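Line order of the protein sequences matches chains A and B. For the first sequence, position 93 (counting from the first letter as 1) is numbered 93 according to the numbering used here, and the numbering increases by one without interruption. For the second sequence, position 79 (counting from the first letter as 1) is numbered 1079 according to the numbering used here, and the numbering increases by one without interruption.
No lab work stands behind these hints: they were computed from the structure. Source: prediction; values computed, not measured. Any given hint could turn out to be false.
Stated by the list, open to error - Partial list, derived from the structure: chain A residues whose beta carbon lies under 8 Å from chain B:
| no. | residue |
| --- | --- |
| 1 | I36 |
| 2 | E41 |
| 3 | I52 |
| 4 | L108 |
| 5 | I112 |
| 6 | Y144 |
| 7 | V146 |
| 8 | F232 |
| 9 | Y244 |
As the list claims (entries may be wrong) - 20 Å max Cα-Cα, derived SDA-like pairs, lysine to any residue:
| no. | chain 1 | residue 1 | chain 2 | residue 2 |
| --- | --- | --- | --- | --- |
| 10 | B | K1263 | A | R109 |
| 11 | A | K106 | B | S1007 |
| 12 | A | K106 | B | L1259 |
| 13 | B | K1158 | A | R109 |
| 14 | A | K290 | A | S218 |
| 15 | A | K230 | B | L1259 |
| 16 | B | K1133 | A | F259 |
| 17 | A | K290 | B | A1273 |
| 18 | B | K1158 | A | F97 |
| 19 | B | K1263 | A | N185 |
Heads up, the beta-carbon is just placed ideally off N, CA and C, and yes, glycines get one too.
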Amino acid sequence: MTKAQRNDRRTKRRKRWSIAWVFVAPFLFFYGVFLIYPAIEVCYLSLTNSDIAGQGGFVGLQNFVELIGDQDFWASVWHTLYFIFLTVVPNTAVGFFLALLVVRLKRLRLPILSAFFLPFVLPVSVVTTASLWILDTNFGIFNYLVGSSIAWFQDPLWAMPGVALVTIWWTVGFNMLLFIAGLQNISPDVYEAASIDGANAFQQFTSITCPLIWPVTSLVLVLQLIAQFKIFDQVYLLTQGGPYNSTMVVLLYMYRQAFQLNRGGYASAVAIVLVVIMLLISALQFRLLKGGRAK
Amino acid sequence: MKKKRMSPLAMVCTGLTVIMALAWLFPVYWIVATAFKSETDTIALPPSFVPFPPDFGAFIYVIQNSPIFRWYLNTVLVSAVITFFSISCALMCAYALSLLDFRGKGLINLALMVGFMLPFGAVAIPLFMLMNKLHFVNTYAGIILPQIATPLSVIVFKRFFDQVPIDFRNAAVIDGAGDFRILFNIYIPLNWSIIWAMAIVTFIGAWNNFFWPFIVTNSTPMLTIPVGMTQVQSAYGVAFAKTSAIAVMASIPTAAAYLIFQKRVTQGVMAAAGIK
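Build the full structure now, drawing on both the sequences and the hints.
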């Protein structure tokens, strides 16, 4: 290789380098300033006693020490886990069930699919408005039709199940869509071969549909877990964390500490612990799902 | 082969599915029906299931007594700007990640995965402080800027760009085309359908976003519809027709976008989840 060739190559490489950075720069700018920087900053803030304007001094691990003894915080962790318990698996199961119903339809398929998916594209405040009205104790159509008198969002026993019910109604269409895609990817030949071998519908369901849909199921479970950890909007709009703090979830607790009690540093510590718990449980779930797949 | 007739079991199944779908839509119907009633009718017993003749009083009241058109304007503006910049940035970034070799690529891929896992709520506090320092609280910039970088769009576009045969780019390079021309004249036209799909999904997401606009705005004229409507509702107290009317008005754009671009939305949602 001559010297000229080598030089030529080097400039070419440098040119490609710089053009690549021109392409990624706009995205990286917004990503870095408005996500990565705050993500690093929240770690620092958790070690300070800052107010919400960011003024305050370094206090070491004091926030975390306080957090360990903070019963209201641990109650909010517990409520978040309870909400996850009430939504992740049920929302996945209902989504699968609806997908099974929809996927066998032909002419009716599109309208039925849209009926189940439509709530998902509505703003959360519309969903909660509708829920507060329909589930209203005295004038709600639900209690009228069922003949019950449940005070959904005023009764500590029913508040969280109520929030979970609303969440499932709102978001299950998304899960259904993923399951429909998964069901369509299963080749009809497999079913045909099975029915030639004399497998009935139930056997086909348990030994073909269920195992072959498993990758989608585990994907939905992972996405659900990540999504439900972030519960804030519905709770804020339906119950404000009440009654008697029975629906106080972690992000709402963080919001209260930061924006109502003006404790930015402490709220940051809450955020850190939330992320750590989320990562731990996601890792645990990942291992469990991997085990399920191996079967 | 003889034409298959529907078995009775299949017919029952279909019938149940239709009933379930109608039940699923009932809350949506009910809020629309309530919006067209007078306040006294809403709490009448037994309830009237069809508001006939329709009463437009609730809509007129909401339009006259709340800045709903200002909120509409805010939300349209914010969502449109977010969608445009979010998709543009994602396309360029995905192009570089898919087709160009450069140092730091692995790091960017890693950062994308981190952003995907990180709950937005966890960075809300430092983000608010940053906006406060920049004097962006209660401004459009404050609502828009943090919503532009969406790692999900980058990941989706990268996957689609990876599937375009590399010969397309090589041929264009030989013809002397630069990377910007290759992106705009080859990669974008070839992937129009997924770009549209992601754009519509991004728009609906930005329109519906509650958490961030709720944190960064508190002055009435700067609110977006999902945040503003809750403010009005708490001021109304118990007034079901009025709260329903404003809810109906808030959902028309996203519901219409979904019903018109149904296929695109479905495609976008599936692509975002990594299926197809």
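Now for the hints, and whether the structure bears them out:
no.	hint	verdict
1	I36	holds (7 Å)
2	E41	holds (4 Å)
3	I52	holds (7 Å)
4	L108	holds (7 Å)
5	I112	holds (5 Å)
6	Y144	holds (6 Å)
7	V146	violated (12 Å)
8	F232	holds (6 Å)
9	Y244	violated (21 Å)
10	B:K1263 - A:R109	holds (13 Å)
11	A:K106 - B:S1007	holds (15 Å)
12	A:K106 - B:L1259	holds (19 Å)
13	B:K1158 - A:R109	violated (31 Å)
14	A:K290 - A:S218	holds (9 Å)
15	A:K230 - B:L1259	violated (28 Å)
16	B:K1133 - A:F259	holds (16 Å)
17	A:K290 - B:A1273	holds (19 Å)
18	B:K1158 - A:F97	violated (32 Å)
19	B:K1263 - A:N185	holds (18 Å)
The structure does not agree with the numbered hints 7, 9, 13, 15 and 18 stated previously, though it agrees with the rest.
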